[in-house]
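Trainee: The residues making up each chain are set out below.
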Amino acid sequence: MGGLSSYTHTEVKIMVFSTTLFLYVYLPVVLFLYYITPLKWRNAVLLIANFVFYGWGEPIYITVMAASILVDYALGLMVGKYRNDKRRAKMYVAVSIVMNLGLLVFFKYTDFILMNFGMKALGISLPVGISFYTFQKMSYIIDVYRRDALSQPNIVSFATFVTLFPQLIAGPIIKYRDIDSQIAGREHTFSKFSSGICTFMVGLCKKVLLANNIGMLWDIYKAGDYASMSAFGAWLGALAFTFQIYFDFSGYSDMAIGLGRMFGFEFKINFNYPYISQNITDFWRRWHISLGSWFREYLYIPLGGNRCGRARWIFNLLVVWAATGIWHGASWNFLFWGLYYGVILVFEKLWFSKMLDKLPRLVRHIYSMIIVIVGWVLFAVEDAGACISYVGAMFGATGLLSLPSDIYYLESYLPILIVMATASTPIASKLYNKMSEKARGIFAVFAVLLGMIICTSYLVDATYNPFLYFRF
Amino acid sequence: MEFKVKAKYVLCAVFLVIIFGVFLVNLFTPDKDFSQNENRVLAAKPEFSADALMSGSYTSDFEEYVNDQFVARDSFIAVKSMSELILGKHENGGVYFLNDRLVETFSKVDEALFSDNISAVRRFADLSDIPVMFMLIPTSQEIYKDKLAYGAPCADEKLLISCAYDEFKGNTVDILGALASCKDEYIFYRTDHHWTSLGAYYGYEALCGALGIEPVKLSDYEKNTLTNDFNGTLYSMSGVRFITPDEIDVYVPSEGVTVVRYDGIEPSYGGLYYEEYLSFKDKYKVFLGGNCGRVVVKTGREDLPKLLLLRDSYADSITPYLTNHFSEIHLLDLRYYKNSITKYAAENNIDEILIMYGLKKFSEDTNIRAFLK
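Chains as they are written, first to last, in this note's numbering: chain A, 1 to 472; chain B, 1001 to 1373.
Please note that the accuracy of each hint is not assured.
List time: in silico DSBU-like cross-link candidates among lysine-lysine, alpha-carbon distance up to 30 Å [said to hold, decoys possible]: (1) A/K192 / B/K1006; (2) B/K1006 / A/K268; (3) B/K1108 / A/K222; (4) B/K1158 / B/K1373; (5) A/K222 / B/K1361; (6) A/K222 / B/K1145; (7) B/K1158 / B/K1147; (8) B/K1147 / A/K222; (9) A/K222 / B/K1089; (10) B/K1343 / B/K1285; (11) B/K1006 / A/K222.
With beta-carbon atoms standing in for the labels, derived distance ranges [as the list claims (entries may be wrong)]: (12) B/K1006 / A/A44: 30 to 36 Å; (13) B/N1228 / A/H365: 56 to 62 Å; (14) B/L1159 / A/F443: 51 to 57 Å; (15) A/R146 / B/S1049: 44 to 50 Å; (16) A/M435 / B/F1048: 48 to 54 Å; (17) A/A223 / B/K1006: 49 to 55 Å.
Partial selection, computed: residues in chain B whose CB lies under 7 Å from chain A [what the hints assert, rightly or not]: (18) K1008; (19) V1017; (20) I1018; (21) I1019; (22) S1057; (23) T1059; (24) V1066; (25) R1073; (26) L1127; (27) N1367; (28) A1370.
Worth flagging that the hints you see were computed from the coordinates, not collected in a lab. Values in this document were obtained by computation on a predicted structure and should not be read as measured data. Glycine included, C-beta positions come from ideal geometry on N, C-alpha and C.
The shape of chain A in the complex, shown without the other chains:
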């Protein structure tokens, strides 16, 4: 499972960090080649590695990406050259945006649009990472236009930025201006590398030991009959998905950040303990930070942000949230999920927040989590009827409070649920920082060792396939 696009399309087979192939073939080979290369050629080596990573599974889509990189490279130079001719520069920006959004809409949304008009889907498969790299390229052209960055004359450097394998598949979405100086020159130190290892390991454990595990529980409830599901069971299932998506996505982001550091890059964090949020506004400052930041920078603010009348402000918010929703996938439930949050945020900002601030912390937290958990059900269950059924079950529609099998699953998964609840808070991080430097060093070494062994065992087991009866 890669990034979020795996929740929406049947994915083209891609290279995934949490596999033995990546950990024990790709990564050692790439690290080796990268570090034996003299500094000035390292971006080129990285670029080749990026293409290998990206092309793994369906090499044909490299052509789409390469072509769009060349176009944006040229457009970027044009915008840089004509930066004093606002109208002309704007035209180049528009071309880039149209191309990038066009690619995205074509590959991601064509079938959705066709099906909604009663036509047959074309069966277009989604090139991996397209939701991320088109956004990164648009960030480049807009940053150059706004003079937040200079255009990149070196095609290798530009291509490296677009295709950086750590964040190509599932983010974090990097704004060009946050990374351009690092492309040009970055430090490769042991401190950075070891810090990268720690972050990477945390991410790997989150994905393999926590997300994949609790995902099995969600699979059970998702496949169940919602009309006969108990309320407790429905909440347990929803909670399972709530944890799964957080640890899967934040785990992947951690791995991306950790890998980035191993290659000298410093990416910004993408998640900041979203499940300790005190209200929904807070939640969206902690969840998928790079996406929210991208939309704020390149959509919300250009639309006028909150610097206009109330009606226009609400409109802007809803447009951004509709976009956020539909970005996650080509299906009505994602749009609905985005608007669900858009509406709640409007209410919060206009009326609730003052009232909320007066309530005790625990109440605010419960309020936030209920909204978030229900939100995840909207996200996870694509079919509208099924979704309504499931949410109904959560709020007692089936009349069943709990079933013996629910108790069984709760008991089976309780230790892991406790670990995840704890890991959703900064407690572990705080405790770690309280340790002496010596203790931290020793702890980190043993944790990495143990983590690698256990994660590898889960990864190897994932392809374990015993046949009861030998197949000729």
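Here the structure of chain A is known, so what remains is to put chain B in place on it, guided by the hints.
Mentor: Below, chain B alone, put in the same frame as chain A:
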């Protein structure tokens, strides 16, 4: 300051040694072609071609190859199952852990398929001139149900069997009752989904009762333990390594019995027990040599009737007891034998037909409704 410096170097070293080390070990250790534990051929290094690369098949085959040939694969499987146990799970790989044994999970039943299979069996019996008896063997999950964790999903096998028998409306054998009354005895293997020879004996006793024949008393036989190091299918599936291995006992001597296996171009001849399999992992194959489309057991007692068994692997361990009562026992496995059964029965002068399946297999098998004719 000094320790901080040391820690970061050690950390980098540890991580790099692990990923490079494993990479190199995997690269230089020879590939294995068969896994005893998984009972399947392991992926070999894929052939490179531009076509394969472009279609994505090379890369996905390569990934499978890396995984299948991973160093210490079996040990890692065991580590994972240990980790699941420590995390408090009650099952792994489709197997429930009870304190001293493993039990195959059986909770979801494809009701349409189950119903189709029963109809197929009934239709066959209705059309058959030869008397047909139907026998379903419960899994150990049903026998040890009271030891499962509260609420653990499990099919109601008692209900399934009684519904199947009611639908069949013919001669049936109550194996569940016979086994349930002996549950404290060693009637199911701890690490395998099959019944033991003792469990098969109780099944045989019940079968004799239904057939109206006198079973040979178990005390008339001498128990012979062929091995006490049997780690069966559940050992493989679950990854659990700490359950005491099983004993395989045999009671009925093989004297005078010839077993003919038709699984190649030429038939092969042997006795009731194929002891060469005791040196492999799947020791249950010692009974009649394991899976085969057609096996004929000849006892030399020409005065006795001929039996046709339409079966799965449970039949292999009950057959030794049946050699006392039949001149020939023909065992057909519908997974491999696709010709007309009625024709076979007529050609071989069969006197009695017994349809015998483990309940789980019966509820999942798609060959019954297709080939039972």
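Trainee: Run every hint past the structure and note whether it holds.
Mentor: A quick look at each hint next to the structure:
1. A/K192 / B/K1006: holds (14 Å)
2. B/K1006 / A/K268: Holds - the C-alpha atoms of A/K268 and B/K1006 are around 27 Å apart, at most 30 Å.
3. B/K1108 / A/K222: Holds - the C-alpha atoms of A/K222 and B/K1108 are around 15 Å apart, at most 30 Å.
4. B/K1158 / B/K1373: Holds. B/K1158 to B/K1373 sits at ~27 Å (cutoff 30 Å).
5. A/K222 / B/K1361: With a Cα-Cα distance of about 26 Å, the restraint between A/K222 and B/K1361 holds, given a limit of 30 Å.
6. A/K222 / B/K1145: Within the cut-off at roughly 26 Å; holds.
7. B/K1158 / B/K1147: holds (16 Å)
8. B/K1147 / A/K222: Holds, at about 28 Å.
9. A/K222 / B/K1089: Within the cut-off at roughly 20 Å; holds.
10. B/K1343 / B/K1285: holds (29 Å)
11. B/K1006 / A/K222: Violated, at roughly 48 Å.
12. B/K1006 / A/A44: 30 to 36 Å: holds (34 Å)
13. B/N1228 / A/H365: 56 to 62 Å: Between B/N1228 and A/H365, where Cβ atoms are some 57 Å apart, the hint holds.
14. B/L1159 / A/F443: 51 to 57 Å: holds (54 Å)
15. A/R146 / B/S1049: 44 to 50 Å: holds (48 Å)
16. A/M435 / B/F1048: 48 to 54 Å: Holds - the Cβ-Cβ distance for A/M435 and B/F1048, about 49 Å, lies within 48 to 54 Å.
17. A/A223 / B/K1006: 49 to 55 Å: With Cβ atoms ~50 Å apart, the hint holds.
18. K1008: holds (4 Å)
19. V1017: violated (10 Å)
20. I1018: Given a least distance of 5 Å, the restraint on B/I1018 holds.
21. I1019: Result: holds, 5 Å to nearest chain A Cβ.
22. S1057: violated (9 Å)
23. T1059: Where the cut-off is 7 Å and the nearest Cβ of chain A is about 5 Å from B/T1059, the hint holds.
24. V1066: Hint holds; B/V1066 Cβ to chain A Cβ min 5 Å, cut 7 Å.
25. R1073: holds (6 Å)
26. L1127: With a closest approach of 29 Å, the B/L1127 hint is violated.
27. N1367: violated (12 Å)
28. A1370: violated (17 Å)
Comparing the model with each earlier hint shows violations of hints 11, 19, 22, 26, 27, 28; every other hint is respected.
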